[in-house]
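The listed protein sequences correspond, in order, to chains V and L. Mapping to the numbering used here: the first sequence position 333 is 333, numbers consecutive. Mapping to the numbering used here: the second sequence position 182 is 523, numbers consecutive.
One or more hints might be untrue.
Calculated pairs, BS3-like style, for lysine-lysine (alpha carbon to alpha carbon, straight line, at most 25 Å) [claimed, not checked]:
| no. | chain 1 | residue 1 | chain 2 | residue 2 |
| --- | --- | --- | --- | --- |
| 1 | L | 424 | V | 113 |
| 2 | L | 419 | V | 140 |
| 3 | L | 499 | L | 465 |
| 4 | L | 498 | L | 396 |
Far from chain V, some chain L residues (derived; all Cβ distances over 10 Å) [said to hold, decoys possible]:
| no. | residue |
| --- | --- |
| 5 | 367 |
| 6 | 371 |
| 7 | 390 |
| 8 | 395 |
| 9 | 398 |
| 10 | 424 |
| 11 | 448 |
| 12 | 468 |
| 13 | 494 |
| 14 | 500 |
| 15 | 568 |
| 16 | 587 |
| 17 | 591 |
| 18 | 599 |
These aren't lab readings, by the way, just hints derived from the structure by calculation. Using N, Cα and C, we set each Cβ at its ideal position, and we do this for glycine too.
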Amino acid sequence: MTMQRSLKREFSLVRIVLLVLPMLLALIIPNAFFRDIVILLMLWSTAASAWNLLGGFAGQLSIGHTAFFGIGAYTSTLLYINFSVSPWIGMFAGALLAALIGVVLGSITFPLKGPFFSLSTLAFAEIVRIISISWSDLTKGSRGIVIKYTPGFDKFIFDSPVAYILIAWVFMIAVYCVAVYFNNSRLGFYLMAYRESEDAARALGINTVTVRLKAVAISAGLTAMLGTFYAQYILFIDPESVFIVDNSLQIVLLSLVGGIGTTIGPIIGGYIMVPLGQFLRSALGDAVPGFHLVIYGLCMLLIIMYLPGGLVSLLQRRSFGGSRLKRPGRRRDEHGAVGNS
Amino acid sequence: MSQLLVTGILLGGLYALISMGLNLIFGVLRIVNFAHGEFIMVSMYLAYWAYYYYKIDPYISAFVIAPLTFLFFMTVAKPFIVKLADSSHLGQVFITFGIGIVLQNLALMLFSADYRSVDTVYSKMQIALGEIQFSLARMVMFLLSLVFTVALYYYLKKSYMGKTIRATMQNRTVAMLMGIDTQKVYVFTFALGAAITAFAGGLLLPIFYVYPTIGFSFALIAFIVVILGGLGSIPGTLIGGFIIGLTEALSGYFISASMKQLVYFCIFILILVLRPAGLFGQRGTEELGVK
Chain V
1 MTMQRSLKRE FSLVRIVLLV LPMLLALIIP NAFFRDIVIL LMLWSTAASA
51 WNLLGGFAGQ LSIGHTAFFG IGAYTSTLLY INFSVSPWIG MFAGALLAAL
101 IGVVLGSITF PLKGPFFSLS TLAFAEIVRI ISISWSDLTK GSRGIVIKYT
151 PGFDKFIFDS PVAYILIAWV FMIAVYCVAV YFNNSRLGFY LMAYRESEDA
201 ARALGINTVT VRLKAVAISA GLTAMLGTFY AQYILFIDPE SVFIVDNSLQ
251 IVLLSLVGGI GTTIGPIIGG YIMVPLGQFL RSALGDAVPG FHLVIYGLCM
301 LLIIMYLPGG LVSLLQRRSF GGSRLKRPGR RRDEHGAVGN S
Chain L
342 MSQLLVTGIL LGGLYALISM GLNLIFGVLR IVNFAHGEFI MVSMYLAYWA
392 YYYYKIDPYI SAFVIAPLTF LFFMTVAKPF IVKLADSSHL GQVFITFGIG
442 IVLQNLALML FSADYRSVDT VYSKMQIALG EIQFSLARMV MFLLSLVFTV
492 ALYYYLKKSY MGKTIRATMQ NRTVAMLMGI DTQKVYVFTF ALGAAITAFA
542 GGLLLPIFYV YPTIGFSFAL IAFIVVILGG LGSIPGTLIG GFIIGLTEAL
592 SGYFISASMK QLVYFCIFIL ILVLRPAGLF GQRGTEELGV K
């Protein structure tokens with residue numbers, strides 16, 4: 001498949017509509033609750049997309065990505081609170097720091113495979129969470145940090161949600177483009193080769209260690225940038241909101257529901273699961289505590305058990321990028337690309 | 342000091358007991374069971390209600406709950422285990438995690454977030470040996486963890502079923518070719534693991550409060566213990582439990598109580614990197630079943 005044809009598919013009409021629609025709807029409908037959902041939806045879809053770069057393309061199933069998310073949030077916030085560094089700069093500082101930590105972690109854990117890698121990332125995220133609670137001189141511990149509401153572009157705080165909608169959308173499109181790049185570039189091909197078979201990839205002369213570290217760095221850095229966005233949007237962070245393991249699982253869940261290892265899958269996953277979660281919470285959350293999560297968990301179970309390829313597999317048409325995945329002769333288990341065969 | 346060591350070892354026995362079931366499910370079957378903590382939570386609630394309504398002592402109801410759990414998984418939940426065994430590891434993580442969410446929130450719905458505990462004669466009872474004091478309930482768990490280790494070890498080593506379980510663990514395809522009904526083995530081992538977990542959960546009730554989210558911390562500890570001790574190694578789980586229990590007691594005393602988790606997560610990553618088969622696991626077994 002030539003590059004051009006592939007790009008035509010990645011930016012087909014259906015996909016463009018899909019990518020633009022929530023942003024347009026949020027701009028048109030001035031409902032605060034709806035806009036909040038759309039912003040969160042774009043935030044988590046983007047985070048899932050960033051995770052998918054590592055988890056989907058490289059097959060490295062991290063369940064500790066919330067550590068990078070929180071590192072981004074804390075770095076920019078602490079720089080802003082203590083040294084009045086603009087969060088725009090803090091965002092890149094956080095991304096760099098997260099990428100660096102990701103590379104260090106990646107080099108330590110690189111021999112680990114399958115569930116062992118996942119568990120090590122989970123332990124890593126817990127370590128970062130405990131540090132963030134106990135190092136209270138720096139992070140104010142579990143009391144969290146409130147960012148003072150002073151609107152201004154350089155402060156990354158806006159009084160209208162429209163700005164947040166646009167920024168979140170730009171993030172989403174940017175990460176989608178990175179995913180498209182992964183799906184069509186040498187780096188992406190190397191990663192996919194590594195995912196399918198490490199031995200074969202090495203035999204073909206791919207330096208699996210460096211491509212893997214590149215994927216970790218990019219994925220961690222992008223996730224950290226979203227952490228900054230989250231902090232500037234909510235204006236409050238504490239270890240329980242940015243470092244909690246539920247975030248990591250949410251990110252992976254969206255990819256899994258949408259279709260792991262595809263460019264559009266994680267975003268579709270976010271479109272379905274985030275509004276579902278918010279809707280259930282607002283509809284049922286007050287009546288009986290916990291009921292909405294029971295329903296949410298059941299929906300998630302059904303999708304994962306009976307639609308292992310994700311929602312994208314329902315839409316396996318050219319415009320959705322199914323053809324590449326369906327290429328014969330490529331081994332993949334039923335959950336898309338998983339582990340090292 | 343000796344008080345610290347005793348506390349640590351008793352805690353280790355407790356951790357070993359709650360990890361034993363996970364060792365069967367994760368260590369032997371390689372099913373990444375994120376609902377392990379919720380299995381413990383559910384059995385604690387069962388024991389609690391048995392005590393609350395029928396005044397059945399947790400130590401007695403555990404002997405009822407465990408066989409019932411076993412039966413439940415052998416019959417009603419059987420298709421589910423078969424499905425789980427065939428999923429990829431990420432699928433398993435999220436299927437079991439989903440079950441965890443559902444169970445946790447069902448508990449929240451039905452029983453509210455209140456902390457509940459039973460007040461039995463022995464739950465507060467302390468035994469003094471010279472200067473060393475320890476609680477009776479923890480001592481019971483410690484002794485039972487020894488009993489379970491020995492029993493399970495010989496069961497897996499000597500009995501026919503144990504041999505088929507180990508054969509299936511080593512190579513599912515070959516085991517099937519040798520005439521072993523691997524599906525039956527999977528269901529049986531899973532049910533056995535769940536039953537042991539339920540038993541341990543019942544015994545936890547006199548020691549800990551029960552509330553819907555109690556499972557998560559237990560599950561993390563169980564994963565650490567199983568990997569530390571070695572996948573599939575029953576004595577390894579016991580030793581792993583002791584190491585984590587002692588680490589917790591000592592680091593809680595010498596560093597600070599909030600840092601004790603940090604210490605064992607660091608141990609966990611170190612052991613994963615340096616010796617992924619665990620301390621007592623057979624070298625190379627960590628690669629088995631990892632697709």
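Requested in this report: Would you list, in rising numerical order, the hints stated earlier that this structure does not obey?
Outcome: The structure conflicts with hints 2, 3, 4, 5, 6, 10, 11, 15, 18, although it agrees with all the remaining ones.
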